[in-house]
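Spelled out from the first residue to the last, the chains are:
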Amino acid sequence: MRTSNPLITVMALVTVGFLYLPLAAVAVFSVNATRYGLVWRGFTLDWYIKLFSNEFILEAAWNTLVLAVVSTIVATILGTILAIGMDRFPWGRKANTFLDLVLHIPVVIPDIILAAALVVAFGLLRFTSSVFEPGLFNMIIGHITFQISFVALVVRSRLASIGRDVEEAARDLFASTPYLLLRVTLPLLLPGIVAGAMLAFTLSLDDFVISFFTAGPDSVTLPLFIFAAVRRGVTPQIHALSTLVVLITVIMIFGMERFTRK
Amino acid sequence: MLWLIVFLVLPGLVLIAVSFATRGAYGQLEWVFTVENYQRLSGFSLFGWTADYIMIVLRSVWVAFITTLISVVLSYPLSFFISARPERSRYFWLTLVIIPFWTNMVIRTYAWFLILAPELPLAKLATFFGFIPAGSPLYPNSFAVYLGMVSMYLPFVTLPLYASVERLDWTLVEAAQDLYASKVRVFMQAILPQTLPGLSVGIVLTFVPAMGMFVVPDLLGGSKYMLVGNLIQQQFGASRDWPFGAAISMGLMVLTMISLQFYRRRSKEIEFV
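For the record, the sequence lines run as chains A and B. Letter by letter, the first sequence follows residues 1 to 262 of this note's numbering. Letter by letter, the second sequence follows residues 1001 to 1273 of this note's numbering.
For the record, the hints were derived by calculation from the structure and aren't laboratory data. Fair warning: there could be bad hints in the mix.
[What the hints assert, rightly or not] Coverage of chain B stretches by chain A, computed from C-beta distances (three or more under 8 Å per stretch; other residues unrestricted):
id : region
1  : 1078 to 1085
2  : 1101 to 1107
3  : 1208 to 1215
4  : 1228 to 1234
5  : 1249 to 1260
Note that the Cβ used here is the ideal one computed from N, Cα and C, for glycine as well.
Full structure from sequences and hints, please.
Encoded structure:
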């Protein structure tokens, strides 16, 4: 029965084609020499070259990178601490259920709800400090909030898979708690932490909704830039930018696969 | 944890509080308790009852439902296909599904602009049958929204479903066939129960975010095609009506909770199987 039925093969190939047709179109038209319309006028890399002289795009790329790097670092540290804390210290049953519920919220709710909640919260915080004006700082906080959950879930599954035997052995050999955490638990956890960090980084690069709600005029990221540009009308330059973003995503995915498979 | 409390739980509570507050004349918040926002959402206003907002909510649920259904129907052949590949190329095919999963949704949405452009065969075909006037693109309309939504969420169903299909016990399927079960029955009684865990994860991963989607309807649906996501965005953007936006978000939250509850009950049933 495992032999493939031709009908299934055809449907599967059509489905994959359906997923890739739009992306392929973007890539094709990013090297098309014509500025308007969708008629093929020959191959060119002009649009890519122009990208690097467009200061709006360079600034958006810089913002995206800063946002992703800062939020990933903070979220990875906090998420790891959270995972260790939830797994290794005795919580009451009720507290544990509550923590578990809170942890899953950002993963399961539509991101627009989190975005709306952040807008309202920042709006109120603005009365206390002008730091909370819409902008990069708010975006970083927003990104960290959903990243923590993903990091913590990944690290926790790693914690569960390494078990407690080694740690108990270390305890029996009179390891102190800081020594235990730094020299025993963390090295064992490292693959999980790195996988979580890469996941968080990709999520941040990819995020549109949270950024869209919390961004200010000076903190445009690449997805926001593309969205705004697309509403004005698509240009080959946008295709070129999108193709680059997709390529970066693909590279990230291969990096992640490599790391998690080892 | 403190972070999550401060930036997740508290904003959530604030959101609930704001949904009961009043919008001032200039869009500012006034802390006057009211249930008016919820009344408005359910259609009651000064001018009597209208179904506008209810329609938007129902349409969102409907679009999410159809999107999920189509994605499931397309995911089964795809998962069977991938699991039937030899070990090495299986990894390749799986990566092909993973890449769109991680690709930016704005890019994947606007990419349909190109496919549906008036110069290309799809739009020409539609013109030929008289659906659209000559020279105009195949968007914005509800067809384009479904197209965009399915291509957005398809990997969300395929990946968990594949995980189940890969572990499928084919001897049961063969047994059913040897006993002359019809194809439908083989699927319903030998394949479906075994793949239910992956399938239900896929359904939740698609249905819940699809209800709150706003990029796809915004770009491919045009201004007339409103879903809950667009409505929320409008309140926080152009309309500056936070209390009403908060009330809609709470409505969406309730829908999310209902679907998750359904999923949890299902997953409990699965444990017993």
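Hint check:
A count of 6 residues in the region 1078 to 1085 of chain B with a Cβ less than 8 Å from any Cβ of chain A is obtained; the coverage claim is therefore met, three being the minimum. Check result for the region 1101 to 1107 of chain B against chain A: holds, 6 residues qualifying (beta carbon to beta carbon below 8 Å, three or more required). Here's how the region 1208 to 1215 of chain B fares: 7 of its residues keep a CB closer than 8 Å to some CB of chain A, so the rule of at least three is met and the hint holds. Counting residues of the region 1228 to 1234 of chain B whose CB falls under 8 Å from any CB of chain A gives 3; the rule of at least 3 is met.
Residue count for the region 1249 to 1260 of chain B with a Cβ under 8 Å from a Cβ of chain A: 5. That meets the three needed, and the coverage hint holds.
When each numbered hint is compared with the structure, no violation occurs for any of them.
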